[in-house]
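Chains as they are written, first to last, in the UniProt record's numbering: chain B, 1 to 279; chain F, 1 to 337; chain U, 1 to 433.
Incorrect hints may have been included.
[Claimed, not checked] Only pairs whose alpha carbons sit at most 35 Å apart, straight line, appear in this in silico DSBU-like list of lysine-lysine:
| # | chain 1 | residue 1 | chain 2 | residue 2 |
| --- | --- | --- | --- | --- |
| 1 | F | Lys70 | U | Lys234 |
| 2 | U | Lys190 | F | Lys70 |
| 3 | F | Lys188 | U | Lys414 |
| 4 | B | Lys129 | F | Lys63 |
| 5 | U | Lys294 | U | Lys170 |
| 6 | U | Lys414 | F | Lys63 |
| 7 | F | Lys70 | U | Lys294 |
| 8 | U | Lys171 | F | Lys63 |
| 9 | U | Lys367 | U | Lys171 |
| 10 | F | Lys70 | U | Lys74 |
[What the hints assert, rightly or not] Reference listing, derived: stretches of chain B covered by chain U, where coverage requires no fewer than 3 residues with Cβ under 8 Å from a Cβ of chain U:
| # | segment |
| --- | --- |
| 11 | 45-52 |
| 12 | 222-235 |
Hint data in this document are derived by calculation from the structure and do not stem from the laboratory. Keep in mind it's a predicted model, so treat the numbers as computed, not measured. Idealized CB from N, CA, C, for every residue including glycine.
The lines below spell out each chain.
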Amino acid sequence: MTTTLSARWRSGLLYAGVVAVVAYCLAPFYWMLVSSLRRTSDIFDTSLVPSPVSFENYRAVFDPAQGFGRALLNSLVVAGVTTVLALLLATFTAYAMARLDFRFKRLVLTLVIATSMFPVVSIVVPLLKLFTDVGWINTYQAMIVPSMSFALPLAVWNLTTFFRQMPDELEHAAMVDGCTRGQAFRRVIVPLAAPGIFTTAIITFIAAWNEFLIALSMTNRPDMQTAPVAISKFTGATTYETPFGSQMAAGVLVTVPLVVMVLLFQRRIVAGLTAGAAK
Amino acid sequence: MTKTEVPPEATDGPASAPVTRRRLTGNPARAAAGSGRMAALLVSPTLLVLSVVVAYPTLMALKESLYGPKGLDPATGFISDTEPFVGLRNYADILGEAGDRFWNAFWNTTFFTVVTVGLETVIGVAMALIMHKAFRGRGLVRAGILIPWAVPTAISGLLWRWIFNSDGIANTLIGHQVLWTTEGFHAKVAVIVAEVWKTAPFIGLLVLAGLQVIPKEVYEAARLDGARAPRQFWHITLPLVKPALLVAVLFRCMDALRMFDLPYILVGAQKHSVETLSMLAQNEASNVRFGPASAYAVLLFLYVFLIALAFVRLLGADLVGGGAVGRRPRRRREVAA
Amino acid sequence: MTTQTSTSTARAAAVLAASALLLAACAAPGGGGSGQAGAAASFEGRGPITYVAGKDTSGTVQPTIDRWNRLHPKEKVTFIQLPTDPDAQRQQMIQNAETKSDAYTVLSLDVVWTSEFAAHRWIDRLPEERFPLGEMLDPVVETARYRGGLYAVPASSDGGMLYYRTDLLKKAGIGEPPTTWAEMKADCAKVRELPEARGMSCYAGQAQKYEGLTVNFAEAVNSAGGTVTDANGKPDVDTPEARKGLDFLVGSVKDGTIPKEGITYLEEDGRQAFQAGKLVFLRNWPYVYALAAKSGIKGKYAVAPLPGLNGPGASSLGGHNMALSSSAENKATALDFIRFFTSEENTATFLKEASLAPPYAALYDDKALTGQYPYLPVLKESILRAVPRPRVVRYGDVTAAVQQQAYAALTGDKSSAQALKDLQAALRKSVAR
């Protein structure tokens, strides 16, 4: 009897916790959503439900002149390629960090993290000069390559910890069973570390997705701009008027697809990575 | 799950990989060299990419920090084409003449980092623990907590500025008019609230992933031992997610130390209560004084670097597997047991 | 980096204070500039060029460019739109100049950037005889000069005006809008005795610590007969007159003439408060006029020139000038395009379609236009009375110092006397740099 009671208590507590977490994360976002659904003239309203509900801000965002759809696509390409590349390179490096023994390991790790520390504003002018010289202005690679500067360290460090947590007995066993080191890694470690890899991918993707200054500096053609750059070009009807409503609408529009994507991929990717795990 | 046929001595100590290799190949010397070569092969692409995208501009910035702003020629009214070499004077000026502003920004930066990362850690870990429990709709909730982190910083700065407006929802809710965007401690509070909201999910997600890769056997063993929930948390869960947590905290610290957009958009430029080191660097750069701006950036870089070094030390055993101290070998035995 | 903040939108307006600072070292305005290195560059080359400006708010720029492109199929102009935030625009233009890129040809510069861009030789000196400057308002043309040389051509202007509630003033028995601060406060006292004015505040401008504060501070100082810099361009802000100006702002915050939250106001907050019936008087730009007509105070407001200490005050100037990037190609085309874009015909279109204040004097008296924009005569008066705008190369430092000290005085951290003393010292240092 006591156990069921305490179990009920516990699940009650759990759900209270879940509700608290969700409320904490979503309340400000709700405000964003509400603000995006107000008319421009009601923007200072503080009622909890917009009345009347208006989609004028969303229409403004998708006005063809803003090129927002194209910008979302560009963001997807830049952030997607950055994530894939960063994860690929980082997987190799993290594997070496977690599994191989070599000198200068600490140095390499320190170097990797040190590189992600310089304020972007200080590196953008030299990079701009470099890319202008090699003719990379208005190309995807001009945005992808600099994004690696923060994406790679993030991926290397995270993957190293996750690989490191895998008991290496499994790998050894697989190798005893005749797998090569690479196979052992692919079939044993990767599936087990799937949640970690997936989380790293999400976080890297979002970091790249939200990058602004580099994307702004490296492009000057509207068809090459990314979503954050497009958002920065939202305006009110006149110079001083804050386009707050359409900015919030854009905020909703760049956030929600991400979350939906995560939801869709969550199961599939984790399942994919897990498939083939040595049972 | 665990393979008992692996002899314990093969898994202990830093030399585990080469040892295994020897067992497989039967050639110790070649294996050790192979391990080093393989490591070089695996690590070099990363280092190569980073040196192109970071080392080059960073060195340029270092060099730039030794040059002063271009002077104005009073006769022609034009700014000269070249920047004068001033050696370390930019640094001397920052710490001397502009010292008050620098140290104010330094303490603001440190204060924000300590407070926000501290709060984020507590909230993030709590989020992770809750979401690690199985319940219906867990995937949905997990995607939901991504939202604050996924909102672009600039947009979230605007959102919070709206919330903290003098007639905004924050004041409506607390039923008292606080002028959040004026100088004072309340401005710091506004920045902290917004920053913690946005980045606690970052720690939460990484810790959650850390929890998910803990082998279930560990908990089962603990349950068999009769460990109670709090004890389980402090003695099993926390030590096991420590590497993931520390890496998350490290990256949060580095980001917080470079905090710029949020105070700039939410409270505004030139506000002493919230001015950070990055804002100073940005201020110099925007006034076309690239030398002093680079000097600020270098100082900030050094500061962040020291923190990172401390973390590497702290994490060393867990991450680098340096000395055989730390918990890895012990845990392995637990698992293997 | 930061980006879409609108905080700095008012940089567009910035002006007077900044003013004369660098004039110290300069020749008198219009004096030709002795020792001007590099006279007007040669403008050669025809072909495609770009026009670079902040995001077009009204959608009138692209059609104008299209019209040009139809007329000049071999010299097409591509419109490059930068972020809305002026700081981000300036940063991109500087990056373009620092990398000596030819990606940007014609630049739309905020009026306060002219001196900085000219002094760095990021933009070319332009041949005056190619543009109808004589038909433009003098103070507006001055914003495009540096040390007497013409470095840009005005495309639009902007000036501050006093918005007031006609219904309330009438009910309180006041016939004319106030021309002095004392009158304004007295009118307010009368209005606030009305039952329908219960809880209203008297006045607000822009007093948050940002570009708008520089504008408001300079207006107050100039409207009290003070200067931020003297006739020779030396900083001269530590004077009794300047103090009367600053004291108007500080005293208004203290006695509640400006509401407590007024020190957090940007343009939009003030407009909102005025439209919500919380303010009797508001200092703001012409853009408010059309928007307020869609709010609850429709038909209950009008504009007047800004009040001052002993009579009408002096406004600050905003607006944009078109300049030619020195690292660009096809400069002959660029020059033609600037002339086309800033023509009376085109600026009239911008006024009609986008309510941008034109640089041409004649348009302010045009019957059809004043019908559409009743505030035009007041705006013209306001722009004509604006203090001539001297050039400041280190505008960023100057405006930061002004905001720093004015804000300290407004929030009561410093006495106005101390703030002006410190400002004087800070400005001296910026000029000497």
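Checked hints:
About 22 Å separates the Cα atoms of Lys70 (chain F) and Lys234 (chain U), which keeps this hinted pair within 35 Å; it holds. About 56 Å separates the Cα atoms of Lys190 (chain U) and Lys70 (chain F), which puts this hinted pair outside 35 Å; it is violated. Distance hint between Lys188 (chain F) and Lys414 (chain U) is fulfilled; the C-alpha atoms sit about 22 Å from each other, no more than 35 Å. Restraint check for Lys129 (chain B) and Lys63 (chain F): the C-alpha separation of about 15 Å stays at or below 35 Å, so the hint holds.
Straight-line distance between C-alpha atoms of Lys294 (chain U) and Lys170 (chain U) comes to about 22 Å, which keeps the hinted pair within the 35 Å bound. A threshold of 35 Å between alpha carbons decides the hint, and for Lys414 (chain U) with Lys63 (chain F) the separation of about 40 Å lies outside it, so the pair is violated. Proposed proximity of Lys70 (chain F) and Lys294 (chain U) is contradicted: the alpha carbons are some 50 Å apart, above 35 Å. Taking the CA atoms of Lys171 (chain U) and Lys63 (chain F), the gap is near 69 Å; set against the 35 Å cutoff, the hint is violated.
Our distance criterion of 35 Å between C-alpha atoms is met by Lys367 (chain U) and Lys171 (chain U), whose separation comes to about 31 Å. Between Lys70 (chain F) and Lys74 (chain U), the direct Cα distance comes to roughly 39 Å. Violation of the 35 Å bound is thereby established for this hinted pair. Coverage of a stretch by a chain is defined here by at least three residues with a beta carbon nearer than 8 Å to that chain's beta carbons; for the segment 45-52 of chain B and chain U the count is 0, and the condition is violated. Residues of the segment 222-235 of chain B lying with their CB closer than 8 Å to a CB of chain U number 8, which satisfies the three-residue condition for coverage.
Hint check: violations occur at hints 2, 6, 7, 8, 10, 11; the rest are consistent with the structure.
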